[in-house]
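Residue numbers (the working numbering), protein chains in the order written: chain A, 336 to 449; chain B, 15 to 126.
To be clear, the hints were calculated from the coordinates, so they are not data collected in a lab.
On a predicted model such as this, the values are computed, not experimentally measured, just so you know.
Hints should not be assumed to be uniformly reliable.
[Claimed, not checked] Derived SDA-like pairs: lysine to any residue, alpha-carbon spacing no greater than 20 angstroms straight-line:
{"#": "1", "chain 1": "B", "residue 1": "56", "chain 2": "A", "residue 2": "359"}
{"#": "2", "chain 1": "B", "residue 1": "70", "chain 2": "B", "residue 2": "88"}
{"#": "3", "chain 1": "A", "residue 1": "352", "chain 2": "A", "residue 2": "401"}
{"#": "4", "chain 1": "B", "residue 1": "56", "chain 2": "A", "residue 2": "337"}
{"#": "5", "chain 1": "A", "residue 1": "352", "chain 2": "A", "residue 2": "403"}
{"#": "6", "chain 1": "B", "residue 1": "56", "chain 2": "A", "residue 2": "361"}
{"#": "7", "chain 1": "B", "residue 1": "56", "chain 2": "A", "residue 2": "373"}
{"#": "8", "chain 1": "B", "residue 1": "56", "chain 2": "A", "residue 2": "352"}
{"#": "9", "chain 1": "B", "residue 1": "56", "chain 2": "A", "residue 2": "416"}
{"#": "10", "chain 1": "B", "residue 1": "70", "chain 2": "A", "residue 2": "437"}
{"#": "11", "chain 1": "B", "residue 1": "56", "chain 2": "A", "residue 2": "406"}
{"#": "12", "chain 1": "B", "residue 1": "56", "chain 2": "A", "residue 2": "401"}
{"#": "13", "chain 1": "A", "residue 1": "346", "chain 2": "B", "residue 2": "55"}
{"#": "14", "chain 1": "B", "residue 1": "70", "chain 2": "A", "residue 2": "436"}
{"#": "15", "chain 1": "B", "residue 1": "56", "chain 2": "A", "residue 2": "374"}
{"#": "16", "chain 1": "A", "residue 1": "346", "chain 2": "A", "residue 2": "359"}
{"#": "17", "chain 1": "B", "residue 1": "70", "chain 2": "B", "residue 2": "96"}
{"#": "18", "chain 1": "A", "residue 1": "346", "chain 2": "B", "residue 2": "56"}
{"#": "19", "chain 1": "B", "residue 1": "56", "chain 2": "A", "residue 2": "442"}
{"#": "20", "chain 1": "B", "residue 1": "85", "chain 2": "B", "residue 2": "41"}
{"#": "21", "chain 1": "B", "residue 1": "56", "chain 2": "A", "residue 2": "445"}
{"#": "22", "chain 1": "B", "residue 1": "70", "chain 2": "B", "residue 2": "82"}
{"#": "23", "chain 1": "B", "residue 1": "56", "chain 2": "A", "residue 2": "344"}
{"#": "24", "chain 1": "B", "residue 1": "56", "chain 2": "A", "residue 2": "376"}
{"#": "25", "chain 1": "B", "residue 1": "56", "chain 2": "B", "residue 2": "96"}
{"#": "26", "chain 1": "B", "residue 1": "56", "chain 2": "A", "residue 2": "403"}
{"#": "27", "chain 1": "A", "residue 1": "346", "chain 2": "B", "residue 2": "54"}
{"#": "28", "chain 1": "B", "residue 1": "56", "chain 2": "A", "residue 2": "338"}
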Amino acid sequence: GAGVSQTPSNKVTEKGKYVELRCDPISGHTALYWYRQSLGQGPEFLIYFQGTGAADDSGLPNDRFFAVRPEGSVSTLKIQRTERGDSAVYLCASSPTPLTDTQYFGPGTRLTVL
Amino acid sequence: GESVGLHLPTLSVQEGDNSIINCAYSNSASDYFIWYKQESGKGPQFIIDIRSNMDKRQGQRVTVLLNKTVKHLSLQIAATQPGDSAVYFCAEIDTGRRALTFGSGTRLQVQP
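If we strip away everything but chain A, and leave its shape as in the complex, we get (with noise of 0.2 angstroms):
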């Protein structure tokens, strides 16, 4: 497809177990961003990708989330010792170049911590 792709689309844990969310960037897209969104609210910043380096990751709230793009494509979010204040959408947007602001976002990943 053309489109920023994530999966799974819904991830269902436990509390305390370990999840790993996936994106997969629109072809050729060099700057990749994660964003998380609670009900009601407009999605938050979490990290921002520029290739296989974290420019930006001032919006992880805590040691418990890390996020990986090692071949400057697709990226992997990772959460440790799941809460459940940690259930969300979990967005991800790519954009052409570092130049260019459009982000375009994909479906999400719906995590619900029980």
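Using the hints, position chain B against chain A.
This is chain B only, laid out in the frame that chain A set:
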């Protein structure tokens, strides 16, 4: 799918009417603004953008107005259609960062 915007302000319009959705932003350093449309269970979809050196930009059936003096952004949708029903978010980017900061959103309901 997940219902976006359960607690958001709602604008109800009749099909064919024009809609105006407003947004206030707080960061005077923001230089780029985007309107996104989000349907239930989907990610935000780009609608239109505007840079801070402009005060108006038009697209197909949509117009964005920017008033930097009062830090206000609006989205005008002409001849609103049922397919326009969704939650609309404004977002801004600060010159020094790449992250989008989203507003609180408005739910648009179009009555046929």
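Do the hints match the structure? See the list:
1. B:56 x A:359: Status holds; Cα separation ~16 angstroms.
2. B:70 x B:88: The hint holds at about 10 angstroms.
3. A:352 x A:401: Holds, at roughly 14 angstroms.
4. B:56 x A:337: The hint holds at about 16 angstroms.
5. A:352 x A:403: holds (19 angstroms)
6. B:56 x A:361: Holds, because 17 angstroms separates the two Cα atoms, which is no more than 20 angstroms.
7. B:56 x A:373: The hint holds at about 13 angstroms.
8. B:56 x A:352: violated (26 angstroms)
9. B:56 x A:416: violated (27 angstroms)
10. B:70 x A:437: holds (17 angstroms)
11. B:56 x A:406: Distance of about 27 angstroms is beyond 20 angstroms: violated.
12. B:56 x A:401: Violated - the C-alpha atoms of residue 401 (chain A) and residue 56 (chain B) are around 24 angstroms apart, more than 20 angstroms.
13. A:346 x B:55: holds (14 angstroms)
14. B:70 x A:436: OK: residue 70 (chain B) and residue 436 (chain A) at ~18 angstroms, within 20 angstroms.
15. B:56 x A:374: holds (13 angstroms)
16. A:346 x A:359: holds (17 angstroms)
17. B:70 x B:96: violated (25 angstroms)
18. A:346 x B:56: holds (16 angstroms)
19. B:56 x A:442: Since the Cα atoms of residue 56 (chain B) and residue 442 (chain A) sit roughly 5 angstroms apart, the hinted pair holds (cutoff 20 angstroms).
20. B:85 x B:41: Judged against 20 angstroms, a Cα distance of about 8 angstroms means the pair holds.
21. B:56 x A:445: holds (10 angstroms)
22. B:70 x B:82: holds (11 angstroms)
23. B:56 x A:344: holds (10 angstroms)
24. B:56 x A:376: holds (14 angstroms)
25. B:56 x B:96: holds (17 angstroms)
26. B:56 x A:403: violated (24 angstroms)
27. A:346 x B:54: Roughly 17 angstroms separates the two Cα atoms, so the pair holds.
28. B:56 x A:338: holds (12 angstroms)
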